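I would like the entire structure built from these sequences, with the hints used as guidance.
Letter by letter, the chains look like this.
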Amino acid sequence: MDNSVPPPREDKIFLYSLLPFASVIIAALILLGIILLDTSLPALKEYGIGLFMRNVWKPREDGPGEYGLLAPIIGTLETAIIAVIIALPMSLSLLILTEEMMPNKWRDLVSTLIDVMAGLPTILYGLWGIEVLIPFLRDHFMSFLHEKIGFIPLLSCQPLSGSSILAAGMLLSIMIIPFIYVIIRESYSTIPQSLVEAAIAYSSGWRHYVKFKIGLIKPALLGGLLLGFGRAAGETVAVALVIGNSFHLSSCIFAPGYTISSLIANQFANSMYYPLMSSVLFAGGLFLLSTGLALNYAGVKLIRRSRKLCQAV
Amino acid sequence: MTSTSLELERALEVKGLNVWLGEKQILHNITFKVNRGEILAIMGPSGSGKSTLLRAISRLLDHRTDARVRGEVLINGINVYTTNPYKARKYIGIVFQNPNPFPHMTIYDNIAVGPKLHKLVRSKTELDNLVRWALKSAMLWDDVKEKLNSYPAELSGGQQQRLCLARALAMRPKLLLLDEPTANIDPVNAKKIENIVKKMSREESVAVVIVTHTPAQAMRISDKVLFLFNGKTIEYGPTQVVASNPDHDLTQSFLRGEI
Amino acid sequence: MSSSLDHKDLFLKIIVAVLSIVALIPVFSIVYELVIRGLPVITGAGLKFFTKTAPAPGDRLYGIGPALVGTVELALISTAIGIPIAFFTGVLIETFRESRISQIVNIIAKSLMEIPTVLIGMLVYILLVVPTKTFSIISGGIALALVMMPYTLTYIEESLNQVQYKYIEAGYGLGMNKKQVAFKVMVPIAKRGVVVGILIGITKALGETAPLLFTIGAARNTINWNPLEPGDAIPLLIFDYIQSPYDNMKDIAWGSALVLFVLFAILYSSIRLFVKRVRI
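Residue numbers (this note's numbering), protein chains in the order written: chain X, 9 to 321; chain R, 82 to 340; chain S, 6 to 285.
Wrong hints could be hidden among the right ones.
Below 27 Å or equal to it, Euclidean Cα-Cα: the simulated DSSO-like pairs (lysine-lysine) are [claimed, not checked]:
| id | chain 1 | residue 1 | chain 2 | residue 2 |
| --- | --- | --- | --- | --- |
| 1 | R | Lys-197 | S | Lys-184 |
| 2 | R | Lys-280 | R | Lys-313 |
| 3 | S | Lys-171 | R | Lys-197 |
| 4 | X | Lys-20 | S | Lys-171 |
| 5 | R | Lys-255 | R | Lys-168 |
Not the full set, but computed from the structure, chain S residues with beta-carbon under 8 Å of chain R [said to hold, decoys possible]:
| id | residue |
| --- | --- |
| 6 | Lys-171 |
| 7 | Tyr-172 |
| 8 | Glu-174 |
| 9 | Gln-185 |
Pairwise CB distance ranges (calculated) [unchecked claim]:
| id | chain 1 | residue 1 | chain 2 | residue 2 | range |
| --- | --- | --- | --- | --- | --- |
| 10 | R | Lys-313 | S | Ser-274 | 57 to 67 Å |
| 11 | S | Ser-274 | X | Lys-316 | 35 to 45 Å |
| 12 | X | Glu-108 | S | Lys-53 | 48 to 58 Å |
| 13 | X | Lys-316 | S | Lys-53 | 51 to 61 Å |
| 14 | S | Asn-166 | R | Ser-127 | 42 to 52 Å |
| 15 | R | Arg-203 | X | Val-118 | 28 to 38 Å |
| 16 | S | Arg-197 | R | Leu-201 | 27 to 37 Å |
| 17 | S | Arg-105 | R | Pro-268 | 40 to 50 Å |
It is worth saying that the hints were derived from the structure and are not from the lab.
Treat the numbers as computed from the prediction; the structure is a model and nothing was measured.
No residue lacks a Cβ here, since even glycine has one placed at the ideal position from N, Cα and C.
In structure tokens:
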């Protein structure tokens, strides 16, 4: 007979006394899902799947009006893609710099600086973005690129105010560099000593050694990229300040645009005056929540696999 | 003699104990008894399941999700696996292989925490006396009487281990479980611990189970030995008999230090 | 080793160094601009900068009094609500590690961390602002509590997890039950981590803007200590003022941003007193 005794009474009581606290957290997520679904239902009923496929924004006070979230959805993806494309090589460089090129004292200094970057209130990035980054991009970067290589469709439009998809993407990249860095450094530092020694023994020179070690954390790189993408897609106020807030759908990244979260930030307060607008915005929120959760799930899984991979060898 | 007093004699009785960790069976059908005032040494090479056996007796395996236990463990005649483990542990003192005094508690509090937990004392004076008694029993009083309010980090490894022994003794246990208590400390402290254990067994009639990987230690202090190999009992009997006339070749080679 | 290989090594090192420097430039630029643009605003206005209410557009400078008061209130409310929940949930996850509930709570808490905070604002708007028919500091505080919880929880849970098993086993060996092991052994040994978790939560909540957009009401004409009424917060004020066409408003935004940065720096350095690595 197996000894499968039930947990002692005092432990059960302890668990039950802790559960109310934990249930707040569970309830928050469930309620968020339910409320987003419930409030976006009217818009989904009215516009169907077209809500996510069409680009139109014609609010009416006396009727349903016409709405389609295509432009902000594309803007969200575009800015997040630009952000990770820039942030990944940057954070990888910082990783190699701090872990393989610096003496401990310097390394701690740079690491601290990156930790500060990661924690800085996002509104400070937004403020800097609108007041410093945008004038710089407009005056020194965009027009230069447009004049020299404007034949590329992505760079084909005349840069006007500086507020643009590109500016949002770049600001987001700056914001997620420390985030991705911390994730990949964690995996990098869990590479077991035995593998590090193998890397030293088998690689001909520093470059191969670094490549070998980076190769070991490939799943974590991808995971960090996905989580970084999720962060970028969800960022609200900093983007709202620099993206230009326009429904104009353009193939050019110098043009202003919208993201789902900046749209919510900008329109939510007005949406009470228009019958279906708030429902449309909640549908956008639902889109954000589901993509966010999916990205998080995939990212965390990849990072775990990276750890396991290292431990298995 | 009534059956109750017989059971009281028998501080610990293990019957047909099997333990699995994950898929692997660690212990096979272990059976033995320890009376009050008796010292049983469990010896065997490392990996033979000695520590797991001690944890199974004290139900510390409950806190491992992958552990499965079958069989009976009776302490003072009560099956610990059908009673509340926390109450059962009141009668057991456990000392682990690595010294583990609580780093956030003073030396005094390390000893006092057990008695306070189980309300063994009714007043501060009683507690003071119990702490002094435990530290004296562990031959640590003279080392620490001036610094009862400092933290265990100030003590040497050997002293820390004796502090852990004192912490266990302060519960006035009927049964003392020692998991290679001298494996990681210096010979002088090891010798002291052996003497303390012998004294507790003789003077306080405590039943002792001591796990050891050195046959010499088993021979020095135990009344009975159980030789464990790959989770199976190879030999079990009075120390003198096993030492002079082991039944099994494996026991002989272990005693000669070959495995 | 051939010299061509060394050249390639050097080339890679240069690329790494250049990219790293480029990546770090913004943080220096941010701090530089904050001081250059923010400090004159504050020194020019003096103490009134912190005590006065909002100016008329295009009027003279001053005042972030309501926002400062609101930020303090928000920090207190979100801490009072968020920390106990995060702490006890962290204890649950760690002490009942083997149970289903613990695993579910852990996964949900971690995913809550990756949810855009603007959605938390929408949630609280529907749950509190709509039924009570008013924006309020307390709604904002609850939204911020939801934002800080997963961070504090994760940090506390990780530091409890780092308590060596030998001490936990010693606790059980003395006959402690799970509650006693948690509060007499694990939490006291991990107390630095617990404090850091709390500070990280506060730091996180302090800098958030999006959850406040639809919850506190941006009321900046009177200084309001009543948490049941609308109020303001420094990040929200920055967000609104920097979009204003008036120069005095923009200046106030920069001054407020410096105040926010100083608050952040104080919290950050106090965390550094406890631990070397700070992840926020």
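Violations among the numbered hints: Numbers 2, 14, 15, in rising order.
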